[in-house]
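Enquirer: Assemble the complex: chain A is given as a structure, and chain B must be docked to it using the hints.
Protein sequence lines correspond, in order, to chains A and B. Residue 131 in my numbering sits at position 131 of the first sequence, with consecutive numbering throughout. Residue 4 in my numbering sits at position 4 of the second sequence, with consecutive numbering throughout.
Keep in mind that the hints were calculated from the coordinates and are not lab data. You may find that some hints are simply not true.
Cross-link-like lysine-lysine pairs, in silico, DSSO-like; alpha carbons within 27 Å at most [to be verified]:
| # | chain 1 | residue 1 | chain 2 | residue 2 |
| --- | --- | --- | --- | --- |
| 1 | A | K231 | B | K356 |
| 2 | B | K356 | A | K237 |
| 3 | B | K353 | A | K264 |
Every value quoted in this text rests on a predicted model; they were computed, and no experiment measured them.
Protein chains: 2
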Amino acid sequence: MKELLSFIENNQEKHLEQLKEFLKLKSISAEPEYKEEVRRTAMWLKIHLSKIGFEKTQIFETKGHPIVYAEWLGAGNNAKTVLIYGHYDVQPVDPIEEWNTPPFEPTVIDNKLYARGTADDKGQIFAHIKGIEAHFQTYGKLPVNVKLLIEGEEEAGSGNLDEFIANNKDILKCDTVLISDTEWYTFGLPSICYALRGISFVEIKVIGPNRDLHSGSYGGAVDNPIFVLAKMLTKLKDERGKIIIPGFYDDVVKVSEEERKHFKNLPFSEDELKKSIEVEELSGEIDFSVLERIWIRPSIDVNGIKGGYIGEGMKTIIPSEASAKISMRLVPNQNPQDITEKLSKYLISIAPKSVKIIVNPAHGGNPVITPIDSPGIKAAVKALEAAFNKKPVFMREGGSIPVTDTFSKMLGAPPVLMGLGLPDDNIHAPNEKINLENFFGGIKASAVFLSEYSKL
Amino acid sequence: MKELLSFIENNQEKHLEQLKEFLKLKSISAEPEYKEEVRRTAMWLKIHLSKIGFEKTQIFETKGHPIVYAEWLGAGNNAKTVLIYGHYDVQPVDPIEEWNTPPFEPTVIDNKLYARGTADDKGQIFAHIKGIEAHFQTYGKLPVNVKLLIEGEEEAGSGNLDEFIANNKDILKCDTVLISDTEWYTFGLPSICYALRGISFVEIKVIGPNRDLHSGSYGGAVDNPIFVLAKMLTKLKDERGKIIIPGFYDDVVKVSEEERKHFKNLPFSEDELKKSIEVEELSGEIDFSVLERIWIRPSIDVNGIKGGYIGEGMKTIIPSEASAKISMRLVPNQNPQDITEKLSKYLISIAPKSVKIIVNPAHGGNPVITPIDSPGIKAAVKALEAAFNKKPVFMREGGSIPVTDTFSKMLGAPPVLMGLGLPDDNIHAPNEKINLENFFGGIKASAVFLSEYSKL
Chain A
1 MKELLSFIEN NQEKHLEQLK EFLKLKSISA EPEYKEEVRR TAMWLKIHLS KIGFEKTQIF
61 ETKGHPIVYA EWLGAGNNAK TVLIYGHYDV QPVDPIEEWN TPPFEPTVID NKLYARGTAD
121 DKGQIFAHIK GIEAHFQTYG KLPVNVKLLI EGEEEAGSGN LDEFIANNKD ILKCDTVLIS
181 DTEWYTFGLP SICYALRGIS FVEIKVIGPN RDLHSGSYGG AVDNPIFVLA KMLTKLKDER
241 GKIIIPGFYD DVVKVSEEER KHFKNLPFSE DELKKSIEVE ELSGEIDFSV LERIWIRPSI
301 DVNGIKGGYI GEGMKTIIPS EASAKISMRL VPNQNPQDIT EKLSKYLISI APKSVKIIVN
361 PAHGGNPVIT PIDSPGIKAA VKALEAAFNK KPVFMREGGS IPVTDTFSKM LGAPPVLMGL
421 GLPDDNIHAP NEKINLENFF GGIKASAVFL SEYSKL
Chain B
1 MKELLSFIEN NQEKHLEQLK EFLKLKSISA EPEYKEEVRR TAMWLKIHLS KIGFEKTQIF
61 ETKGHPIVYA EWLGAGNNAK TVLIYGHYDV QPVDPIEEWN TPPFEPTVID NKLYARGTAD
121 DKGQIFAHIK GIEAHFQTYG KLPVNVKLLI EGEEEAGSGN LDEFIANNKD ILKCDTVLIS
181 DTEWYTFGLP SICYALRGIS FVEIKVIGPN RDLHSGSYGG AVDNPIFVLA KMLTKLKDER
241 GKIIIPGFYD DVVKVSEEER KHFKNLPFSE DELKKSIEVE ELSGEIDFSV LERIWIRPSI
301 DVNGIKGGYI GEGMKTIIPS EASAKISMRL VPNQNPQDIT EKLSKYLISI APKSVKIIVN
361 PAHGGNPVIT PIDSPGIKAA VKALEAAFNK KPVFMREGGS IPVTDTFSKM LGAPPVLMGL
421 GLPDDNIHAP NEKINLENFF GGIKASAVFL SEYSKL
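So that you can see chain A by itself, here it is in the shape it has in the complex:
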């Protein structure tokens, strides 16, 4: 083990340079104009995986962006198999003007590496790749069979992954799925996440008059689609922060008092949270603590809104239409399809006769919970302790990795969420970064995980 960790320590500079190369590729999956760049990123990854020692590497085509797959099964039929999942695609970079350094020119400042994808998820998946390489370089082999599945559509909803997994169950067969796409509870406190929220999406368009109208010639007599949309949005939550879509909470599992007590023992400061995001007051369901609102309660947000004239200057119109992107975070046992349907029906029911509305449900993901006494989670505890010299804590996470649910259902393999990010990594926002100690420690944790998991 010492040899393995030394190898990793002696190659930090090289690992950082390689990660930068990976980050320079603009693999924005949700924006069609980056399609070719996403493919280039997949090719880069395939070539890199071949170089470091995988015996088989392959690009799987999908209806969307390609999937990169690699395997090394040299440990034999009797050995355990770990499937490591991650994604090489990244979020869009808007608003670009708020970045301090260009999003695709990785820059180290104060031992932190800034670029789109550093934390979500290129940096985290690359730590695993380098952890595997360390085994190859040190021992000429891996302690377990390893399969790598790195998709290119996570930030666009993993629309083709479920089908891919369903069609390739034999290839992907494994004992556990190791994923690093979550973050630590806080700086300096390695964490294992045992539950994730699910997600539902709905886009709504409110259509009023058949064209933009002059607000002087019509104002006062014609319903304004922006007013209508605004009113509909205010009908999604009540004054106590509760979501008022009929049936929304029907399937929410009550969390035990014991678990809620555990959350209370974690260090938490409302003031620090407020300070870090610069708001004077938090919000949400008044009957739950802030951590509970994020971890064990479902939520609803408007991710974007657009309507009328939004350019410079003024344009005195009653706009023809207005639209909003709405997403909901779900908890066990809420079902995304069911929730999407409930919201869609509700929106239609509250729209006034003066407008037409179009409701577009998008992809969703189930909420996930993994037992904390599974072998994978035990190995992760040892790996993080060895890599960061600190016992990890168990936590939940408000975000979603829909694929974790797919793995557990289709492959029967429990997901292990060994995140390497930090809460201030600015994922999905300008100035995304990863702390270099987390990246380098992550390489160690990945390497140790494979060793520890082989023994359990």
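Expert: Using the frame of chain A, we list chain B on its own:
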């Protein structure tokens, strides 16, 4: 008079070609990237005015776009002086994809001329220019002294016009101000508008967290600026369509029952209005008729809203901010500054502690009423009757021409609103047009006006 009208009839083709040339110039005043094109339009106009016979033409510089001025004072000191006002700038063309023909390539379809600015206001001001030219060509002179003031910032708020008028009162001295920037009550019914609504603008920005937050990691605990803005917007009007800004109606003059009765005599079909804009239900104050809501009652509209991710695909964020452009239409004797201030104060008072807000008041314009027995309006009645063979009706208008108030205050000259547009001209919207019979008739009306006004 016959000779004059014949000249106009014999030159329609030429007049149309010249108007097309004028319309091709992209004089969008509100968008800074068109600054040079706006100037080129002013130069084109100056040269054209020199050519047709004005003895003096001049470009006046402002802090914004230039003003074009021309005069012919050959009628002498004892003759009356008419100041004709119009604007050569146009509205932005968004959403460009909804235009059937390119906005700056004037196209005749079914005897209608399509292009940005055809009705508002290039086509209307150009009718006056051709009416004047007809006098020069037919009689070698004009029946009255004529001053032409054509500004380039009407669609951006006429920000520098008041100052220009204040500084050039002697140059602009006149007996009446003739303006064609309004529309007929309906197709085939020439109309004189004797009252306009005023306008107030406020832009509001709601600022939540200091960056876009991941909606999974924060959703449920942090106020979403889009939700906050939506809620604030719903607090601007009550269920009966009444605006609930404190003090908003304080200065509204009650309209006489006689005048309201006159409105009832005008042909009006709610069904036709609904059909023309394709809505199933109209909206607004339930205690007033639809015409009254637009003509004699103030209104409030959101002209644009923006927040969060509005590109293709999904971005699961709690956005850092959201903003809206709000405008209000005002009636006598509401004061734009006062109303803007009342709205600004109200918005600040209803914002929750979880966000910061920035309120930016923009320019405004006073509502205007002109007595229908003034000489200018009498001449306009005769001019429209001669040009279109039909007695005109008197109407109000829901839109604003802030400058009418300036003229009446600073020059002591009553404005005469002899509009040539039609309600379906799509002004401020895609596919703006002018009916060619209105354009050609407008040339006659302008020519006759000058003759008739000289006699009164």
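Enquirer: For the pair we were handed, K356/B and K237/A, check the Cα-Cα distance against 27 Å.
Expert: holds (21 Å)
Enquirer: Assess, step by step, whether the Cα of K353/B is no farther than 27 Å from the Cα of K264/A, and give holds or violated.
Expert: With Cα atoms ~26 Å apart, K353/B and K264/A stay inside 27 Å; holds.
Enquirer: Verify the proposed pairing of K231/A with K356/B, using a straight-line Cα cut of 27 Å.
Expert: Holds. K231/A to K356/B sits at ~21 Å (cutoff 27 Å).
Checked against the numbered hints above, the structure breaks none of them.
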